[in-house]
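Taken in order, these protein sequences are the chains called A and B.
Each step along the first sequence adds one to the number in this note's numbering, with nothing skipped, and position 112 is 112.
Each step along the second sequence adds one to the number in this note's numbering, with nothing skipped, and position 76 is 76.
Keep in mind that a hint or two might mislead.
[Claimed, not checked] Dumping the calculated DMTMM-like pairs for lysine to aspartate or glutamate here, alpha-carbon to alpha-carbon at most 25 Å: (1) K127/B to E89/B; (2) K127/B to E76/B; (3) K46/A to D132/B; (4) K119/B to E68/A; (5) K113/A to E97/B; (6) K127/B to E72/A; (7) K32/A to E105/B; (8) K146/B to E68/A; (9) K148/B to E72/A; (10) K32/A to E97/B; (11) K127/B to E103/A; (12) K46/A to E103/A.
[As the list claims (entries may be wrong)] Label pairs and their computed distance ranges (CB to CB): (13) G82/B to R80/A: 26 to 36 Å; (14) H81/A to R72/B: 19 to 29 Å; (15) S100/B to S78/A: 26 to 36 Å.
[To be verified] Far from chain A by the CB rule (all over 10 Å, computed), these chain B residues: (16) P68; (17) E76; (18) A125; (19) A142; (20) S153.
No lab work stands behind these hints: they were computed from the structure.
Using N, Cα and C, we set each Cβ at its ideal position, and we do this for glycine too.
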Amino acid sequence: MLNPQATTDSQNQTRPDEEVWLTPRVDISEQKDEYVLEAEMPGVAKETLEVLLENNELTLVGRRAHREQPGEPLHVESSRHHFRRTFELDPVIDANRVSVRIEQGLVTVRLPKSEQAKPRRIEVS
Amino acid sequence: MPLIRTYRPSGWPYATLNQLSALGEELNRLFDLSTRAGLRPNDSLQSWMPPLDLRETPDAFIATLELPGMKREQIEVSVHEGVLSVSGERLPSEPAEGCSVFRSERPFGRFQRSVSLPKPVQADATKATYRDGILTVTLPKAEEAKPKQIEVSVG
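For reference, chain B alone in the conformation it holds in the complex (with noise of 0.2 Å):
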């Protein structure tokens, strides 16, 4: 399972990570010809990974997942030891009798996306909504990774 590992924002590689992932489509699309897997590309040669942005504001990380089509009780979300993890599974439509397949690139099947937070949370205030499609977890900072600001005082 991918762990993001997320340093400062300025180095991180952007850049890199999007040309490594057009490759990764492009390997897919060759292999996909290939393979006249018109049907289901995402089955056996890549798992299910939905987009994952992470944000931080000062008082919490803000972690959105582009989840399409899902029910709520599908997805699972769980914080522990600084490690937020989302994980659900989606089950191919059973085909109606008479029914015939044209084009399925919808993917199905298990996912998971864990990422560990950079600074200690308040696990057990963590709040998760799912609107239009994406799931957005809130995840507060504990009390000593919040910026303070310190009074100086003259002495």
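Next comes chain A alone, as it looks inside the complex (with noise of 0.2 Å):
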């Protein structure tokens, strides 16, 4: 399983000494020989998104341009917040194949499981 953890992922944490992080919205399926995990994050780039990989663990930053733009605005509905979110990885994956890539705001990483752990087929003798 990929486990989004609960500790990093609540939204709007308010601690004054403490950034605040949009929780991406992800989708996450498992195919035969890997995972594949989209995240949305509007507003980010290639140059801006950062993709760690750490004791089992995968986090997803992505911190949006935040061009100055021009006019006053009118009306909001957008945050201006960055995204975080942490995900617990299945020790079948093999770290060293992960793969990811951006494009229009849509992060997809690709999680191949390792050799051992896909489905073999045993002859009989």
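Using the hints, build the complex out of the two chains.
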């Protein structure tokens, strides 16, 4: 399994000395030989996406490009906070072969299973 | 569909709206827990409403919408009688054979957002760009809506 952790998950933490992070929405699916994680990070570009893999934990940090926008706001629904979310990885994942790409604010992480963990057919002799 | 009325910026009750939206999220969370609908919380309880911002410069209105992971051809933008409408659809991904879904938080289906612009715009000069999952629509104001400097002549 690929477990999003509760500790870093909660939205709008309000301790004053801590940065406020938005939790990106994710889809996670398991295929035969890999897990695929998709995270929504609108406004985040390739250069401002950080992916950390440490001790069986995957952390995605996406910073929005805070371009100075012209004019005055009439109506605002978007948040200016950056994105962050941590996932606990299944030990079967081969951390050396994890790949990440970002396209139109959607991060796709491919987490291949190690060779030993893949289902194998055993020949009967 | 939500119709956003834009008043003078100073009159807009930002705090109240934010509180309402926080309440909505809390309710969704409770429903989510009670129905064990860890999958598809957005599906039946709430239509998909991508966040929309509107800004005004002396020459134009600029609307931005957060639409991560869409294709350009899935987004429709139109301007009609001073109302900007953005709509589109994201289809749920077909699960591949032998694939199991663990988490499905991303909304899918149709969305539509409309905003009535407080001043006349040049509909046919409207431009839209889609970058990093953000749609930006620039609507130039009609000539009569632009601020004009009047020279004072000494008589």
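Holds or violated: K127/B and E89/B, Cα atoms, limit 25 Å. With Cα atoms ~20 Å apart, K127/B and E89/B stay inside 25 Å; holds.
H81/A versus R72/B beta-carbon gap, inside 19 to 29 Å or not: holds (27 Å)
Could you tell me whether the CB distance from S100/B to S78/A stays inside 26 to 36 Å? holds (33 Å)
Would you check whether the claim that A142/B is not at the interface survives, using Cβ distances to chain A and the 10 Å cut-off? holds (17 Å)
Does D132/B lie within 25 Å of K46/A when you go C-alpha to C-alpha? holds (9 Å)
Can we trust that A125/B is non-interface, i.e. its beta-carbon lies farther than 10 Å from all of chain A? Answer for A125/B: holds, closest chain A Cβ roughly 17 Å.
Straight-line Cα separation of K113/A and E97/B no greater than 25 Å? Holds, at roughly 17 Å.
Under the criterion that the straight-line Cα-Cα distance not exceed 25 Å, is the pair K146/B, E68/A satisfied? holds (22 Å)
Given the proposed pairing of K127/B with E72/A, does the C-alpha separation stay at or below 25 Å? With a Cα-Cα distance of about 19 Å, the restraint between K127/B and E72/A holds, given a limit of 25 Å.
Would the hint linking K127/B and E103/A be met if the CA-CA limit is 25 Å? holds (22 Å)
Distance restraint between K119/B and E68/A, which requires alpha-carbon spacing of 25 Å or less: Holds. K119/B to E68/A sits at ~24 Å (cutoff 25 Å).
Given the hinted pair K127/B and E76/B, is their Cα-Cα distance within 25 Å? holds (12 Å)
Checked against the numbered hints given earlier, this structure breaks only hint 16.
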